[in-house]
Amino acid sequence: MFPAGPARRLLQRFAHSISGALPRPQPAKEDPRPKEELRYVRLPKDFQLHLLPQMTGPDLIVPLSKVDALRYYRQMVALRSLETAAANLYKERFIRGFCHLYSGQEACAVGIRAAMGEQDKLISGYRIHGWAYMMGVSAQGVLAELTGRSTGCSGGKGGSMHMYGKNFFGGTGIVGDQVPLGAGLAFAGKYLKDGSVALALYGDGAANQGQIAETFNMAQLWQLPLVFVCENNNYGMGTSSKRSSSNDKYFKRGDLLPGIRVDGQDVLAVKSATKFAIQHARDKGPLIVELETYRYGGHSMSDPGTSYRTREEVQRIRAERDPIKIFQTLCFQHALISQDELMELNNQVKAEIKAATKAAILDGEPSLPDLWSDVYSGPYEGPLRGAIGDDLEHLRLPKKSTN
Amino acid sequence: MLFSKVAEYYLKRLLPTTLLTNNVRSHFTYYPTVSGPGKTMNMFNAINNAMDLALQNDESALLFGEDVGFGGVFRCSVNLRDKYGKDRVFNSPLCEQGIAGFAIGVANTGTTAIAEIQFADYIFPSFDQIVNEAAKYRYRSGDLFNCGSLTFRVPCGAVGHGALYHSQSPEAYFAHTPGLRVVVPRGPIKAKGLLLACFRDPNPCIVFEPKTLYRAAVEDVPTEYYTSELGKADVLREGNDVTLIGWGTQVHILLEAAELAKETLKVDCEVIDLVSILPWDTNTISKSAKKTGRVIIAHEAPLTQGFGSEIAAYIQEQCFLHLEAPVKRVTGWDTPFPHVFEPFYLPDKHRCLTAISNILNF
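Top line first, the protein sequences correspond to chains L and B.
UniProt numbering puts the first residue of the first sequence at 1, with every later residue one more than the last.
UniProt numbering puts the first residue of the second sequence at 1, with every later residue one more than the last.
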């Protein structure tokens, strides 16, 4: 009945003026169910792969749900605020000693944690305030430990470099010595068949420690479910990676171990790479993930961080490669989060950190007997020998729950 | 008993004041040594001066370690790279075992090697190289080879906030190794003299520099080249009643305790800076022990197997009949170096004074 071909098309073009009986589009009814709000993000930078066939690397297209986006943003902002609070407490001399801040590297912790399973274990060095928070220690537990209070996560006995939590083994002051420990954790996972993977984190400075080469060999020889993660922030104290390492491609330094180099300021890239790495470590063997990241502060609060690099460099990275800004822009581009939701999260974090800072200042100090407690698992030779009055009883403190 | 009452009294007084305020900058008062005219310098200036002179006078001298290029974390090597060039003053990667082994190899050729280990707490990866290679080289090769032109510079000791891994004093571990020289300066003049002596000494040397003295210790240091005698202890204060022996920062605490003892207990203490841990000056120490009959040894390192135990064993062996009381050691407790409890851990002037009081009343 209707004319076919070009005549039909001609009619359709003028249909609106010919026939008022053609159906008009109705506004869709409002779907009462909440939208899943899932986006698929194509990562801007490819991964650099070593000993991995090109098409088998981590996913370059990453799903991102609204729930996850809010969570990652909140976590990164919390880490940034936590470290800022720590820096302020340090400047007011509530924290003393050596305090190594994670500002600038937030995407590494958030991305790795997002990909870890509940049973996976992690061990890192001394830049761990952010890691303690990510592995379940409360902000109060972290800040109170920094100020040396009894409510700190190690009872005030460890300080900045010695924080521990569930499946988080710290927390060490000596560069690189956590990596062989990571191999041990991985071996335990393999032996006990609990499906866990261990992640051993170290920096570009530590990458030149002999014990890391020893661990590469042990991991490969025994096929341990171990992911080596090199958080390459370009500086080992005052020496840049180019001046300390003949081969600064840390992901290639594992000899037979495969390696992946990732933009450590992109939280989704870190998550994708870690997910791939954990799977690989569980099924095919150990490998190295190198995260290219940056620390805004000096090596520690005792180091201004400007005697070996220019202020312009730090400012440039802050402007161009800040992980929080990058993620925020991404979420806006994908219309995943609104400005109001971000404000809400920022306020939540502010309140949390403020309460934690207050507690860190006002909480009580550990009592004097804590000085001579927990040296051993029990009093083996009567009173702990000391200089004045041999009357110090060795104590074993009740285990504090990880708070 | 009296001493626990005294200890309790002092501890109770310390507890509120040190914890509520955060004013505990240092647990000691510095007593400068006066040795004639010189330039006012603190200890890191003096060390810088010593290395400058060494690099100037000795064509073969090299300085290396972590971050020494830009001046070092304690500023001991400022300007040296600019003055002597990158091939003589250079950074090493972060690998203490590698640094030590490399330093030993360099010294084998007769080159003066000055290796810095950034903190004494990090010396343990290189412990094997120092103990098994450096210390035994001359012995095992029948004097064919040696690494005598090697000196390690190692910042050590409590600094007020160093906690477990930036405060250790590991001199006792190295004192247990024949073949090494171990020295500890108490101030700028001594630091410069000991360093210059160690650079010349034909044995591998370790200089443990108390890091809290880098800025706190200021003296008039002679600007020319001079050396301090190695293996010789210094009697800093003469007395007939009690001998106090210490090294590094502890010397200043003992000097203050001696003053307090003079005021409150009316006794004259003889204060000796041991200077050399290995080999140590047995003559000066036993002479003093025989004179006073009462000896107190103080050090920051833990009690068990601290170097005080070696001195105490020697004194009781050689001077037994002259002793009026057992040799007393006032030391850190047998725990890891603590985080917040540092003021209670260290053998400060209150504990030393209590020890003096006890030994007099034995």
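Hints were generated in silico from the structure; no laboratory data involved.
Hints are not guaranteed to be accurate.
[What the hints assert, rightly or not] Once the Cα atoms are required to be at most 25 Å apart in a straight line, the calculated DMTMM-like pairs of lysine to aspartate or glutamate come out as:
#, chain 1, residue 1, chain 2, residue 2
1, L, 166, L, 68
2, B, 266, B, 256
3, B, 287, B, 259
4, L, 354, L, 374
5, B, 86, L, 283
6, L, 242, L, 46
7, L, 354, L, 312
8, L, 193, L, 46
9, L, 242, B, 82
10, L, 193, L, 303
11, B, 86, L, 68
12, B, 83, L, 118
13, B, 86, L, 37
14, L, 252, L, 37
15, B, 287, B, 256
16, L, 66, L, 92
17, L, 242, B, 310
18, B, 287, B, 310
[As the list claims (entries may be wrong)] Here are the in silico distance ranges between beta carbons for each label pair:
#, chain 1, residue 1, chain 2, residue 2, range
19, L, 240, B, 231, 40 to 46 Å
20, L, 240, B, 128, 43 to 49 Å
21, B, 79, L, 346, 55 to 61 Å
22, L, 318, B, 82, 57 to 63 Å
23, L, 354, B, 79, 41 to 47 Å
24, B, 59, L, 240, 48 to 54 Å
25, B, 102, L, 221, 24 to 30 Å
26, B, 320, L, 365, 54 to 60 Å
27, B, 79, L, 240, 57 to 63 Å
28, B, 176, L, 93, 37 to 43 Å
Predicted model only: the values in this text are computed from it and were never measured.
Note that the Cβ used here is the ideal one computed from N, Cα and C, for glycine as well.
Hints, one by one, checked against the model:
1. 166/L <-> 68/L: 22 Å, holds
2. 266/B <-> 256/B: 14 Å, holds
3. 287/B <-> 259/B: Roughly 22 Å between the alpha carbons, so the hint for residue 287/B and residue 259/B holds.
4. 354/L <-> 374/L: Violated. Residue 354/L to residue 374/L sits at ~32 Å, over the 25 Å cutoff.
5. 86/B <-> 283/L: 47 Å, violated
6. 242/L <-> 46/L: Holds - the C-alpha atoms of residue 46/L and residue 242/L are around 23 Å apart, at most 25 Å.
7. 354/L <-> 312/L: 31 Å, violated
8. 193/L <-> 46/L: 34 Å, violated
9. 242/L <-> 82/B: Holds, because 20 Å separates the two Cα atoms, which is no more than 25 Å.
10. 193/L <-> 303/L: 44 Å, violated
11. 86/B <-> 68/L: 50 Å, violated
12. 83/B <-> 118/L: Since the Cα atoms of residue 83/B and residue 118/L sit roughly 55 Å apart, the hinted pair is violated (cutoff 25 Å).
13. 86/B <-> 37/L: Distance of about 58 Å is beyond 25 Å: violated.
14. 252/L <-> 37/L: Measuring from Cα to Cα gives roughly 38 Å; hence the hint is violated.
15. 287/B <-> 256/B: This hinted pair holds, its Cα atoms lying about 23 Å apart.
16. 66/L <-> 92/L: Cα-Cα ~39 Å, so violated.
17. 242/L <-> 310/B: 46 Å, violated
18. 287/B <-> 310/B: Given pair residue 287/B, residue 310/B holds - Cα atoms ~16 Å apart, limit 25 Å.
19. 240/L <-> 231/B: 40 to 46 Å: Since residue 240/L and residue 231/B have Cβ atoms about 42 Å apart, the given range 40 to 46 Å holds.
20. 240/L <-> 128/B: 43 to 49 Å: 29 Å, violated
21. 79/B <-> 346/L: 55 to 61 Å: 46 Å, violated
22. 318/L <-> 82/B: 57 to 63 Å: 30 Å, violated
23. 354/L <-> 79/B: 41 to 47 Å: For residue 79/B against residue 354/L, whose Cβ atoms are near 45 Å apart, the range 41 to 47 Å holds.
24. 59/B <-> 240/L: 48 to 54 Å: With a Cβ separation near 30 Å, residue 59/B and residue 240/L fall outside 48 to 54 Å, so the hint is violated.
25. 102/B <-> 221/L: 24 to 30 Å: With Cβ atoms ~27 Å apart, the hint holds.
26. 320/B <-> 365/L: 54 to 60 Å: 45 Å, violated
27. 79/B <-> 240/L: 57 to 63 Å: Check failed, 20 Å falls outside 57 to 63 Å.
28. 176/B <-> 93/L: 37 to 43 Å: This hint holds: roughly 39 Å between Cβ atoms.
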